[in-house]
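Q: Sequences are here, hints too, so could you generate the full structure?
Chains as they are written, first to last, in my numbering: chain Y, 16 to 357; chain R, 16 to 357.
Think of the hints as simulated: they come from the structure by calculation, not from any bench.
Keep in mind that the hints are not guaranteed to be accurate.
The list treats identical chains as interchangeable, and a pair is accepted whether it falls inside one copy or across any two copies.
Result set (BS3-like, lysine-lysine): computed pairs, CA atoms no more than 25 Å apart in a straight line [to be verified]:
1. Lys313 <-> Lys302
2. Lys165 <-> Lys220
3. Lys302 <-> Lys247
4. Lys205 <-> Lys133
5. Lys102 <-> Lys302
6. Lys326 <-> Lys259
7. Lys326 <-> Lys155
8. Lys273 <-> Lys326
9. Lys302 <-> Lys155
10. Lys220 <-> Lys133
Protein chains: 2
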Amino acid sequence: MISLKTITISAALLAVNSASFAFDTLPATPKVPADNPMSAAKIELGKQLFFDPRLSVDGTISCNSCHNVMAGGTDNRDFSVGVKGQKGGRSAPTVWNAAFLSAQFWDGRAATLEDQAKGPILAGVEMGMPSEQAAVDRIKSIPGYVQSFKAVFGGNDPVTYDNIAKAIATYERTLITINSPFDRYNRGDKSAMSASAVMGMKKVKSLGCTSCHNGVNFAGPDLPIGQGFYQKFPTFPGSEYDKKYKLTEDTGRYEVTKDSADKHMWRVPTWRNVALTAPYFHNGSVKTLDEAVRVMAKTQLNKEVSDADVKDIVAFLNSLTGTFPTQTMPRLPDFADATMTD
Amino acid sequence: MISLKTITISAALLAVNSASFAFDTLPATPKVPADNPMSAAKIELGKQLFFDPRLSVDGTISCNSCHNVMAGGTDNRDFSVGVKGQKGGRSAPTVWNAAFLSAQFWDGRAATLEDQAKGPILAGVEMGMPSEQAAVDRIKSIPGYVQSFKAVFGGNDPVTYDNIAKAIATYERTLITINSPFDRYNRGDKSAMSASAVMGMKKVKSLGCTSCHNGVNFAGPDLPIGQGFYQKFPTFPGSEYDKKYKLTEDTGRYEVTKDSADKHMWRVPTWRNVALTAPYFHNGSVKTLDEAVRVMAKTQLNKEVSDADVKDIVAFLNSLTGTFPTQTMPRLPDFADATMTD
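A: Right, dumping it as structure tokens:
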């Protein structure tokens, strides 16, 4: 009895004392697939490809155009602009810390960063390459790339669409923002977060936000790659927000699976650097983080939050803005007599 | 008499011996205007602005979109693509070594890099900002920029359109590609250029190309800033090329001055890194450097050049590809609750 009581009390004390330690610090490195090991040369090649607009049909759009690593990893638009001024149908998710997600795209239709990288290059409204072969041919027409692919991947014919994706994914696995104020606080530096942010951290737990937004990326538990962590949005339909922000027009993962159980299911997005990635949600319909918090509380938890709650929660979310590693600009391999045409 | 003869002979010998030394090595630093001194903080601010798509109306186009410093300083297109997929009417000139030009734009309508920087931001088919004030307001809405402008320029209201241009121009004055094979050869390293390139160097002199393409940037003599070095193109009209490459549709500097003497006058463009900046001429109508050499010989010198001449001259032009300095990527200042809209 005494023993049990002690344990119970200890556990309760622990729960109180460690309330601020219940979240995970972001690791400095992600899991790396066995069939795509990282190397300095592969990272550099991937960085070149990530920044190279020649991967788009008319030479105007690079991966970085919509996933701007010099900023929060997005383009701060509702819908991204691709070749010929065309717009996509969903808001670009951040590339920062995407290496920690177990599924990619808003609807989880790609399991890995490698699979994800293959999508936008061929999407007509994004980079607009007519085929995998067209992308491969473009890269093969640049001698410096051929040389780098040989050095990195070996073999007789290393410039393949798979290897293009592997190099890009490898670079993306370096895009990690450790040492956010939250992470420093979580490691013991109590001065790293404001009192309001600490309050916000407690509130996201007590409100229930963290039943989904947990794990190192605040995007759900550490699932095997390919097994996405999805939630229905809105979980509580019928609020004023559904119409105001067109929350139900896009059916989410259902578009991929055509399984009615997947209607309005979405991969839970990261909270890391969320203060830099307005506008919010899959359709970028909500312009401020304050309003995004209100919408989430109502549609996912059926709760109203006070202005004070919103202020504290937004302060906490701001504490998840990490330290962006210093990067050198890639030099894009020379392309003699190149003309990009429409 | 003896004295005079000696001098004459010496001069002749000098001319022969120094035939390969008649061109200028690229200096490591350009002239800096007295009213815009350089500093590390101003360079960094200018780099941020240069790479920041938020200087365009919809957040999609940065200076770097068309003047890609990770490549040869252009977009390798005939006409650049601006906001909403719109196209400009002339091919983007390289930003590399533009600091050594005495006038900017193809038609010299801007005297300085500062003046030049103000153009594309407001051009409807480029970055599309509706007014200087709109650009200033955008930058003022980003707290990190306000802080940097205060640190760099001082004063109560340092975020001005003039200062935006000053910062960008300051960054551009660092975009210099010293140590090309030609420059190394010119400083005495005879192994730096191939035999063909050395032949090409002699041929551009003997053909007369260098009567215009001279000076440190192979873009004309060292004139006072604002005094552009212009030539008529085509100087010898009537060749097949006029029609084939639409050489006379655009009247060049005449569009600026409305002086009939300026019809088809163009600022002589640099040869440095020209191998990286296809397609060629103000309208990007010529796709290869080989053909550009043929067109120039015919239209400017009324000469036919052999395939061997073209090969050597192109080898020489390739020897003008410089060493691109390693640069860190700028971090764009945070922009909380930012949405870029159309």
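Q: Check Lys313 against Lys302 for me: Cα-Cα at most 25 Å, and say if that holds within a copy, between copies, both or neither.
A: within (17 Å within a copy, 58 Å between copies)
Q: Within a copy, between copies, both or neither: where do Lys220 and Lys133 come within 25 Å Cα-Cα?
A: neither (37 Å within a copy, 49 Å between copies)
Q: What label fits Lys326 with Lys259 when the C-alpha limit is 25 Å: within, between, both, or neither?
A: within (22 Å within a copy, 65 Å between copies)
Q: When no copy is specified for Lys165 and Lys220, does a C-alpha distance of 25 Å or less occur within a copy, between copies, both, or neither?
A: neither (50 Å within a copy, 40 Å between copies)
Q: If the cut is 25 Å between Cα atoms, do Lys205 and Lys133 qualify within a copy, between copies, both or neither?
A: neither (43 Å within a copy, 46 Å between copies)
Q: Is it within, between, both or neither when you check Lys273 against Lys326 at 25 Å Cα-Cα?
A: neither (39 Å within a copy, 59 Å between copies)
Q: Between copies, within a copy, both or neither: which fits Lys326 and Lys155 at Cα up to 25 Å?
A: Between copies only: 23 Å across chains, 52 Å inside a chain, cut-off 25 Å.
Q: Indicate which option fits the pair Lys102, Lys302 if close means a Cα-Cα distance not exceeding 25 Å: within, between, both or neither.
A: Cα proximity of Lys102 and Lys302: one copy only (18 Å, versus 30 Å across).
Q: Up to 25 Å between alpha-carbons, please classify Lys302 paired with Lys247: within, between, both or neither.
A: Close inside one copy (21 Å), not across copies (52 Å); limit 25 Å.
Q: Within, between, both or neither: how does the pair Lys302, Lys155 come out at a Cα-Cα threshold of 25 Å?
A: between (42 Å within a copy, 18 Å between copies)
Hints 2, 4, 8 and 10, counting from the list given before, are not met by this structure.
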